[in-house]
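So the protein lines, in turn, are chains C and D. For the first sequence, this note's numbering assigns the number -6 to the initial residue and increments by one for each residue that follows. For the second sequence, this note's numbering assigns the number -6 to the initial residue and increments by one for each residue that follows.
Since the hints were made in silico from the structure, they are not lab data. Warning: the hint list may mix true and false statements.
Since the list gives no way to pick one copy over another, a pair counts as held whenever it fits inside one copy or between any two copies.
Claimed, not checked - The calculated lysine-lysine pairs, modelled on DSS-like cross-linking and capped at a C-alpha distance of 27 Å, are: (1) 98 x 114; (2) 532 x 98; (3) 172 x 114; (4) 100 x 532; (5) 278 x 503; (6) 107 x 532; (7) 283 x 402; (8) -4 x 98.
Source: prediction; values computed, not measured.
Protein chains: 2
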Amino acid sequence: MAKPSLQIIPIGGFGEIGKNMTAFQYGDEAIIVDTGIMFPEGDMLGIDYIIPDFHYLMDNPGLKIKGIIITHGHEDHTGAIQHVMSNFHAPVYATPLTRGLLEVKLKQARLLDKVELVTFKAGDTLKLGVFSVETFHVCHSIPDGVGLGIKTPVGIVVHTGDFKFDHTPVDNWPPDFAKLAELSSRGVLALMSDSTNADRPGWTPSERVIDAAFDTVFRDAPGRIMIATFASLISRIQQVAEAAQRYGRKLGVAGHTMSENIKMAMNLGYLQLPPDLLISLDEVKKHNPKEVVIVMTGTQGEPSAALSRLAMGRHNQLSILPNDTIIMSSHPIPGNEELVHRIINRLFQRGANVIYDPIAAVHVSGHASQEEQKLMINLIRPKYFIPVHGELRHLKQHALLAEQVGIPKERIAVVENGTIISFDHKGDMTIGERLPGGYVFVDGSGVGNVGMAIMRDREILARDGVVVVNVSVDRHTQQVVGEPDILSRGFVSTRDANDLLDTAKQTVRKVVNQNVYANGRKHELVQEALNRLFYNETKRHPIIFAFINPV
Amino acid sequence: MAKPSLQIIPIGGFGEIGKNMTAFQYGDEAIIVDTGIMFPEGDMLGIDYIIPDFHYLMDNPGLKIKGIIITHGHEDHTGAIQHVMSNFHAPVYATPLTRGLLEVKLKQARLLDKVELVTFKAGDTLKLGVFSVETFHVCHSIPDGVGLGIKTPVGIVVHTGDFKFDHTPVDNWPPDFAKLAELSSRGVLALMSDSTNADRPGWTPSERVIDAAFDTVFRDAPGRIMIATFASLISRIQQVAEAAQRYGRKLGVAGHTMSENIKMAMNLGYLQLPPDLLISLDEVKKHNPKEVVIVMTGTQGEPSAALSRLAMGRHNQLSILPNDTIIMSSHPIPGNEELVHRIINRLFQRGANVIYDPIAAVHVSGHASQEEQKLMINLIRPKYFIPVHGELRHLKQHALLAEQVGIPKERIAVVENGTIISFDHKGDMTIGERLPGGYVFVDGSGVGNVGMAIMRDREILARDGVVVVNVSVDRHTQQVVGEPDILSRGFVSTRDANDLLDTAKQTVRKVVNQNVYANGRKHELVQEALNRLFYNETKRHPIIFAFINPV
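Throw the hints in and build the complete structure from the sequences for me.
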């Protein structure tokens, strides 16, 4: 019998490829890397989030999942953990901080005591069936991230996770260059590398550049300073705390998640704060405004987060004062720009000064730019290159960079989610067909039951609204009895539409009375006639329901 | 009687201030600058566009509108012309190219023969009642744009229009520095200046940098080149034509608006093309792919534009070939990023190579950056400074720049749309109250009749859909007759929801049968019960209509 091939399957999510979930399979054994979610795009109406479609793994009951490895603690790598763990039994491997963040999620999903969580430290090797996974530290916009050197029966596959080459990270823990060199010296079959910033020339700046920007703001701020950032961006909170100490300010924390994350990170040693630095929001009011800094969440415009509530004047403990300085220490995630800019405008309207990139360098990306991506390829010198983590346009660009540093074009695999990439024992690569499916919408408590047909209906409803008609007909004469009832929502304002609805009632009466023998089809005739009328009068096409009731 | 004051009213549109329309009023005479539209933000569901709320001018029947001046031909300065001209009788002043673009709009609105259009050339002075408007050439991302030196009885107000200081523009017509200096030497009361890029440090690059980027792409492209840009960006089309000539390619044009604009710009002399350069799309197919360039619209993801249809494989004359190179010579307008990136991904998927900023400098902004904004203030040295054209955050930033170059803070007016800024004969400024209103939604043929209540309903419909219930009750026993009818759209897929709809029917039957004496309120009880049921089962809150029909 021929030996099996190694199969790599980017299960992914929406838009980005190989980002949220990837399976490595050899014979009847497999490991999973990451279990993340994607956030919906603007036209995915009503969708809460999107999870990878892992039916392929479920349809393979003989498959033994030997372990699930989470590379770091961001939502797009952890957020689907409860959905995955409701379907598979396998131990979950994570570094201490990532494990802490996973525990919060599993607790909320009442799955904490059902899942076997295993802590490892960057540098540890995990033995998972035929796979031996050598982990190594990488820098990213959350501490304790890892990349993976996956030893398989056909060779070593290096998976970078999300990374940047930061030589001066806030936690003074640079990427593990030695391990990358060591893996390279043993010969790497394939490199899977983070493509997020493949269209950005140069190097991503070190997190350290933010210290200088903070210094300028802290020096000049005439009153309180409020800094909004991601609750998981522990290193940024460390930088805020250090700036607060340099300028003699105390640190307040607004928001539950932010407080919980700070507590956990302090307990685990990822955050070093002097004991008297933190103060409660009540204590904030007792200090001179020039002596406080407040960290909070809400940089993406989330309506329930502290920053949005401040912008709307609806925070129960804080409000904007004229000399407040607000730092947006983040970039809007694509699609959130309008919302974020609206909040910035509101904060200005309330009298605050708001500092954001590009006004000052108060945020940097957590992903490698082109020169770092080329460095990664040159450090590893893989036989094959598989760009992952990015939209197709980023992968294509990353592939061009790989060609520039000497990887032959035919050894670069730019694929979409669901495509199986196989490596045999001769070290040859085959790109297979794409599996059906791709991602699953989560809407309220529904997982996967909202599809494209519903999406299309929601689009029409959103654009033009709905009209409902109820009319009684005499069961003998087939003539309308009484007045047709017409209600609408999202279509026209009742104030302006009296004439239109009167005309609509006459239309209904006429269509019903004139089509005496159209039993069972009258409601369709009414719908068609109203559709024409409404379009002529308003250039809109609402969804129309008509009921004909014999009495 | 005291002499009147000059009143400046930024009528504006949505989000940006003083951008789309501004009124200058002295006594009973007024002039209007620009009549533009704004495009809706992502959560303004179903809205086509937004026009400024000019009720204030209509409510003032004694007011004599002496003229309407259009600074340049972009939609956000021209798009509301038909709405304004349906309400006011006044001559409209425009430079030749701007007039050409206005004529197309007025023709479509069947208003061309009702409007008095007056052509002027940059440098001309327009006498409009008490106002004397000295026009001057500015550079922007459309040719033939002007700024205005408005001589009023209280002093000179300079309005920059949209501008950048391009020393090497494609049409070799730099901004009129001499006129700016001359206005300054006479003493300027107030400067109203373009704030769009107030958060961008440095200088906006000249349009000329695009030539170099085009050279690189044209040199390396292995097949056809397609360039997507704005139909009004005549200077970019000139650059494409020049690059085509340099590299021995013929120029095809896809799309009606693009063709019409090219024809008009050639007739008016704003576009210089050698007679044999242009070929039809049919001829394109007869040429070697390396010998053609095609310009088209669709850079904002507009579904009906040539680029979108190519990306979807639905263009009736063109399709993507493997060696095609596509240049996106534009930036996505804020809010369009997702759509534009999706189209880029699709084009890659079909085998094209897509070049966009930041991969290469194939587009530059048409607006001044910080150093240019400071230069404008220093050239004009106004007594007062009024930042306009931008969101509040841009105006605040522009105000900071003005302070840096020495304008005292108390002489800077950062206001929102509808705020009246008055200047008296002593040269003192007063900032008045904000007028009610602000902007008007246009939806289909409806202008201003879609308000916030409809918007909220559309939001609910978009998120959770609609459910309609129709149930017959015996008029004597008040018990349900037959089966309740339940229909839904955008809520749950019928395939998955059979159980849920069965439960819903039982709920309806129970509620109706148990509330025999609740006449006139039964439909509300049904709606409430279903609302609870649906939320428990799906965590969604669809809009519910229930009809109870006595039979």
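Each hint tested on the structure:
1. For the homomeric pair residue 98 and residue 114, the shortest alpha-carbon distance inside one copy (21 Å) is at most 27 Å, but the shortest distance between copies (66 Å) is not.
2. With identical chains, the CA atoms of residue 532 and residue 98 are at most 27 Å apart between copies only, with a shortest distance of 19 Å across copies and 47 Å within one.
3. With identical chains, the CA atoms of residue 172 and residue 114 are at most 27 Å apart within one copy only, with a shortest distance of 14 Å there and 69 Å across copies.
4. When the C-alpha separation of residue 100 and residue 532 is checked against a cutoff of 27 Å, the pair qualifies only between copies, where the shortest distance is 20 Å, while the shortest distance within a copy is 51 Å.
5. Proximity of residue 278 to residue 503 under the C-alpha cut-off of 27 Å is found in neither arrangement, the shortest distances being 69 Å within a copy and 55 Å between copies.
6. Only between protomers do residue 107 and residue 532 lie at most 27 Å apart by alpha-carbon distance; the minimum there is 25 Å, versus 56 Å within a single protomer.
7. Taking identical chains as interchangeable, the C-alpha atoms of residue 283 and residue 402 lie at most 27 Å apart only when they sit on different chains, with a minimum of 22 Å there against 58 Å within one chain.
8. Proximity of residue -4 to residue 98 under the C-alpha cut-off of 27 Å is found in neither arrangement, the shortest distances being 40 Å within a copy and 70 Å between copies.
When each numbered hint is compared with the structure, violations occur for hints 5, 8.
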